[in-house]
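Working from the sequences, and respecting the hints, build out all of it.
Order-wise, the sequence lines are chains U and C.
For what it's worth, the numbering used here labels the leading residue of the first sequence as 1, then goes sequentially.
For what it's worth, the numbering used here labels the leading residue of the second sequence as 1, then goes sequentially.
The hints are simulated quantities; they were obtained by calculation from the structure and are not laboratory data.
Computed from a predicted structure; not experimentally measured.
For each residue, glycine too, the CB sits at the ideal point set by N, CA and C.
With a cut-off of at most 25 Å between alpha-carbon atoms, the simulated DMTMM-like pairs for lysine to aspartate or glutamate come out as follows:
no., chain 1, residue 1, chain 2, residue 2
1, U, Lys105, C, Glu82
2, C, Lys13, U, Glu42
3, U, Lys56, U, Asp84
4, U, Lys77, U, Asp55
5, U, Lys105, U, Asp84
6, U, Lys77, U, Glu63
Facing chain C, a subset of chain U residues (Cβ under 7 Å, in silico):
no., residue
7, Glu42
8, Leu44
9, Gly97
10, Pro100
11, Phe103
12, Lys105
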Amino acid sequence: GNSVTQMEGPVTLSEEAFLTINCTYTATGYPSLFWYVQYPGEGLQLLLKATKADDKGSNKGFEATYRKETTSFHLEKGSVQVSDSAVYFCALPAYSGNTPLVFGKGTRLSVIA
Amino acid sequence: KAGVTQTPRYLIKTRGQQVTLSCSPISGHRSVSWYQQTPGQGLQFLFEYFSETQRNKGNFPGRFSGRQFSNSRSEMNVSTLELGDSALYLCASSSGTSGAKNIQYFGAGTRLSVL
Numbered sequence: 001g002n003s004v005t006q007m008e009g010p011v012t013l014s015e016e017a018f019l020t021i022n023c024t025y026t027a028t029g030y031p032s033l034f035w036y037v038q039y040p041g042e043g044l045q046l047l048l049k050a051t052k053a054d055d056k057g058s059n060k061g062f063e064a065t066y067r068k069e070t071t072s073f074h075l076e077k078g079s080v081q082v083s084d085s086a087v088y089f090c091a092l093p094a095y096s097g098n099t100p101l102v103f104g105k106g107t108r109l110s111v112i113a
Numbered sequence: 001k002a003g004v005t006q007t008p009r010y011l012i013k014t015r016g017q018q019v020t021l022s023c024s025p026i027s028g029h030r031s032v033s034w035y036q037q038t039p040g041q042g043l044q045f046l047f048e049y050f051s052e053t054q055r056n057k058g059n060f061p062g063r064f065s066g067r068q069f070s071n072s073r074s075e076m077n078v079s080t081l082e083l084g085d086s087a088l089y090l091c092a093s094s095s096g097t098s099g100a101k102n103i104q105y106f107g108a109g110t111r112l113s114v115l
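And the structure:
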């Protein structure tokens with residue numbers, strides 16, 4: 001099946017700093033790619049997605065571009081806020097279709113004022 | 001539109017007991033998937049139900065089982081609980097159809113502690 005490797009943290013940044021969380025994948029074909037975010041004490045929320053090569057997913061100032069040449073889907077944000085402190089997961093379908101998902105180990109981000 | 005609802009939010013059980021967790025998917029969604037989240041193993045897929053049938057299954061022992069009802073609500077059951085079953089159990093619902101619109105939306109989870 002497909003697999004994903006994600007940069008592990010924790011990552012600590014000052015407010016307004018630039019964020020990059022690396023994610024690379026191994027997959028058959030060109031599956032959809034996802035970033036989910038988990039705030040303390042909560043479940044996972046879909047942050048953004050991209051469904052085909054060169055697509056850019058974006059939401060709440062976060063962006064990620066589907067790069068088939070480098071099999072990557074790195075998450076970026078130009079200026080992080082304290083409220084962005086959370087755990088971020090890169091994910092893709094384990095097989096063809098969109099379920100189930102296989103997840104990276106998660107990257108814990110802490111943003112300090 | 002209401003999101004995915006999981007009950008209860010917290011459970012404390014002792015070894016050897018059994019437990020049932022419930023998940024109500026987003027209205028109109030026919031697929032429900034269950035995941036186990038632990039600090040050591042991360043997020044691991046348990047099983048997926050679609051239209052009351054198990055469609056996919058992860059690599060978990062038979063103590064873990066599930067079912068789905070005609071209204072798409074799902075339950076998972078863990079029998080003969082072990083300490084290692086302590087985890088956050090997440091339910092995700094999706095349309096279940098093929099294609100890019102089949103996106104999983106997660107509930108807040110049920111945190112199970114086995115003593």
